[in-house]
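Chain H is fixed; fit chain V onto it per the hints.
Chain by chain, the residues:
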Amino acid sequence: MNNAVIHLDSVSKIYGKEEAEVRALDSVSISIERGDFVAIIGASGSGKSTMMNIIGCLDGATEGTYHLDGIDTGTLDEYQLAQIRNRKIGFVFQNFNLIPRTRAVDNVSMPLAYAGVHRKERRERALEVLDSVGLAARADHKPSQLSGGQQQRVAIARALVTNPVLLLADEPTGALDTKSSHEILDLFESLHANGRTIVMITHESDVAARANRVVRFQDGHIIEDHRLRDVNAHPLATAVPL
Amino acid sequence: MMIAESIRFALSGVMANKMRSILTTLGILIGIASVIILLAVGAGTSNAIKAQIGKLGTNVLTVSRQTTAGGRSAGGGQAVTGTRSRSTNLTLQDMAALTDPVMAPDVASTAPVVTAQNVTATFQDATHAVATFVGTTPSYFSISNDALSAGSYFSDGDATNGTEVAVIGNTVAQDLVGNQVNSAVGQTIALNGQNFVVSGVLASKGSSGLNDPDDIVVIPYSAAQDKFTGYSPSLSSITVQAKSADVMNQAQNEIQMILDARHNVTSANRDYQVRNQAQILTTATTTTATLTILLGAVAGISLLVGGIGVMNIMLVTVTERTREIGIRKAIGASRGSIVSQFLIESLIISLIGGLLGIAGGYIGSAFPVLGTQPEVQWWTVWLSFLVSAAIGLVFGIYPANKAAKLRPIDALRYE
Chain H
1 MNNAVIHLDS
11 VSKIYGKEEA
21 EVRALDSVSI
31 SIERGDFVAI
41 IGASGSGKST
51 MMNIIGCLDG
61 ATEGTYHLDG
71 IDTGTLDEYQ
81 LAQIRNRKIG
91 FVFQNFNLIP
101 RTRAVDNVSM
111 PLAYAGVHRK
121 ERRERALEVL
131 DSVGLAARAD
141 HKPSQLSGGQ
151 QQRVAIARAL
161 VTNPVLLLAD
171 EPTGALDTKS
181 SHEILDLFES
191 LHANGRTIVM
201 ITHESDVAAR
211 ANRVVRFQDG
221 HIIEDHRLRD
231 VNAHPLATAV
241 PL
Chain V
1 MMIAESIRFA
11 LSGVMANKMR
21 SILTTLGILI
31 GIASVIILLA
41 VGAGTSNAIK
51 AQIGKLGTNV
61 LTVSRQTTAG
71 GRSAGGGQAV
81 TGTRSRSTNL
91 TLQDMAALTD
101 PVMAPDVAST
111 APVVTAQNVT
121 ATFQDATHAV
131 ATFVGTTPSY
141 FSISNDALSA
151 GSYFSDGDAT
161 NGTEVAVIGN
171 TVAQDLVGNQ
181 VNSAVGQTIA
191 LNGQNFVVSG
201 VLASKGSSGL
211 NDPDDIVVIP
221 YSAAQDKFTG
231 YSPSLSSITV
241 QAKSADVMNQ
251 AQNEIQMILD
261 ARHNVTSANR
271 DYQVRNQAQI
281 LTTATTTTAT
291 LTILLGAVAG
301 ISLLVGGIGV
311 MNIMLVTVTE
321 RTREIGIRKA
331 IGASRGSIVS
341 QFLIESLIIS
351 LIGGLLGIAG
361 GYIGSAFPVL
371 GTQPEVQWWT
381 VWLSFLVSAA
391 IGLVFGIYPA
401 NKAAKLRPID
411 ALRYE
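First to last, the protein sequences are chains H and V.
Following full-length UniProt numbering, the numbering of the first sequence begins with 1 at its first residue and continues without gaps.
Following full-length UniProt numbering, the numbering of the second sequence begins with 1 at its first residue and continues without gaps.
Bound-form chain H, shown alone (with noise of 0.2 Å):
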């Protein structure tokens, strides 16, 4: 637990009460290390997504303690989550969930205006990371102005901005043709190889079999957790058919 960036011991998540109860998630334990690629897959209704929400500190367990980067989430008031969801990670959604009439540099940069960064400062920085993404010309274009694809790697230099200790991405290849796709999970092949902590959920197995460990859900349980790859390892450098 000690490297661990999440840690989940016996966590549930039930929906509704008595009769009409639902246990999207029961008593799922894991770990993740710091520095891995994780897929996460399953079926709809697998609880994969409320595993993403629970990570994402977008929800809250019902049972079971969740610790992230060492803090235990189940103890911290409305706030404090919206500002570990701020330091701690950076989200990727399946349709971009960019703000519309929003520029690329200020839609990167928003994350650090929450979390009082200074004006000039916040635009170097998101320049810098939309610049890695390969985006640096197209900063000052609205979302409608970009394809599917580069509105994702807008979402990612948003989700980089801030330096999390975790990536998130949910679907992030849902939206996106073949070629973008590819585009994206090297964009994600290259983070990790620099370190980078990835959850990625997904429900294609060749989109998962990028990643270096990969964790299948079905009705609310773990039934396969299958390492690809070490922990830092390069796909790129070790390629392994699945």
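No wet-lab data here; the hints were simulated from the structure.
All values derive from a computational prediction rather than experimental measurement.
A hint or two may mislead.
[Claimed, not checked] Here are the simulated lysine to any residue pairs, SDA-like style, with alpha carbons at most 20 Å apart:
1) V:18 to H:84
2) H:120 to V:7
3) H:142 to V:12
4) V:18 to H:103
5) H:120 to H:141
6) V:18 to H:120
7) V:405 to H:134
8) V:405 to V:363
9) V:405 to H:83
10) V:405 to H:223
11) V:18 to H:99
12) V:405 to H:84
13) H:120 to V:12
Just chain V now, kept in the frame of chain H:
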């Protein structure tokens, strides 16, 4: 730091839907402008009345006959006919008694007033129905602050001899001889068919919109008694000027003491009444104040409706931007920053509306309403500004809270 950010986010929110923001702003604008204009009209009217009464003299008392004869209340079932013939008249002797420096030290001067109704002035082809027709002595002019535009007043001798001379007001002169009002001096005009020579034209006092103080003809009291009221020694009223506005009450008491003794009455059965301008002023002020409050209340209701409009639009905005709120929360926006973003957005709308409304109020108050120039009150401007800020806060707090309370996962899932 964060406030500056919230303002920037809020501004982009306002700009995102310009038409809607403008229309919502318009609701506040109209509300604030109407409050300012209507209160300005009220203040303008009130000030005009005060100014007019001030021109008539603030230290003036009017002694007039009581139309309901005295002794009635004391007499109970007794026949009224007998009391009517009692000395209910005000006479020149009464007037002379009021200038007694020992009995009435606070009285400066007096003037008799004999009035007649329905007097028509004619000059060549022009006719004019005179609103105020007064028979008096020259002291009337100084008491009622009447200045001459041309010619001269009539003399004390004219007043007692009943010389056929008249001093006419600006409006009367204008109707009879046209815009060159001063040319009326020396002309012979007919008042109800009887010839009078115009000896002077009064300087205009300006209209207050309610009645025109320039629509007046002043002639010697004895001429009025001879030719208009039928000869009798009685006066319609006596105009008394106190030494200063501060001694009005003392002057009134002195007048009542003298007249009570002369008419042999007590405070219970007085056959005359003393009114002072201060009382008239108070009555007029109270009336206009009531009117102003009513107007202000109507305007206030339109402002309230504007405020509800702000709330309505903010609720729509929050619903429409549920997803954005979810994104912001996911990337670390706290409840406080979401609240301040939406609260500032409603504040911006209502404050812009308020400021434009103040400008609109000033513009609208530049034009006379019913002959009265509205006067914008400073306090209404400050009040409007504060009220529009309050509207932004009060009507913005519920939508802003609603936005902040959204759970990020619900908001993100919202389509």
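(request) Starting from residue 142 of chain H, check that the Cα of residue 12 of chain V is at most 20 Å away, please. (result) Answer holds: residue 142 of chain H to residue 12 of chain V is near 13 Å, not above 20 Å.
(message) Check whether the Cα positions of residue 18 of chain V and residue 103 of chain H lie no farther apart than 20 Å.
(response) The hint holds at about 18 Å.
(request) Would you mind confirming whether the straight-line C-alpha gap from residue 405 of chain V to residue 134 of chain H stays at or under 20 Å? (result) violated, 37 Å
(message) Hint check: residue 18 of chain V vs residue 99 of chain H, CA-CA at most 20 Å. Holds or violated?
(response) Roughly 18 Å separates the two Cα atoms, so the pair holds.
(message) Checking one constraint from the list: CA of residue 405 of chain V to CA of residue 363 of chain V, max 20 Å. Satisfied?
(response) violated, 43 Å
(message) Need the status of pair residue 405 of chain V, residue 84 of chain H: alpha-carbon distance at most 20 Å?
(response) holds, 18 Å
(message) Checking one constraint from the list: CA of residue 18 of chain V to CA of residue 84 of chain H, max 20 Å. Satisfied?
(response) violated, 35 Å
(request) Below or equal to 20 Å on CA atoms is what counts here, so check residue 18 of chain V against residue 120 of chain H. (result) violated, 28 Å
(request) With a cut-off of 20 Å on the C-alpha distance, tell me whether residue 120 of chain H and residue 7 of chain V pass. (result) Status holds; Cα separation ~17 Å.
(message) Hint check: residue 120 of chain H vs residue 12 of chain V, CA-CA at most 20 Å. Holds or violated?
(response) With a Cα-Cα distance of about 19 Å, the restraint between residue 120 of chain H and residue 12 of chain V holds, given a limit of 20 Å.
(request) Sort out whether residue 83 of chain H lies within 20 Å of residue 405 of chain V, counting only the CA atoms. (result) Status holds; Cα separation ~16 Å.
(request) For the pair we were handed, residue 120 of chain H and residue 141 of chain H, check the Cα-Cα distance against 20 Å. (result) holds, 19 Å
Going through the hint list in order, the structure does not satisfy hints 1, 6, 7, 8 and 10.
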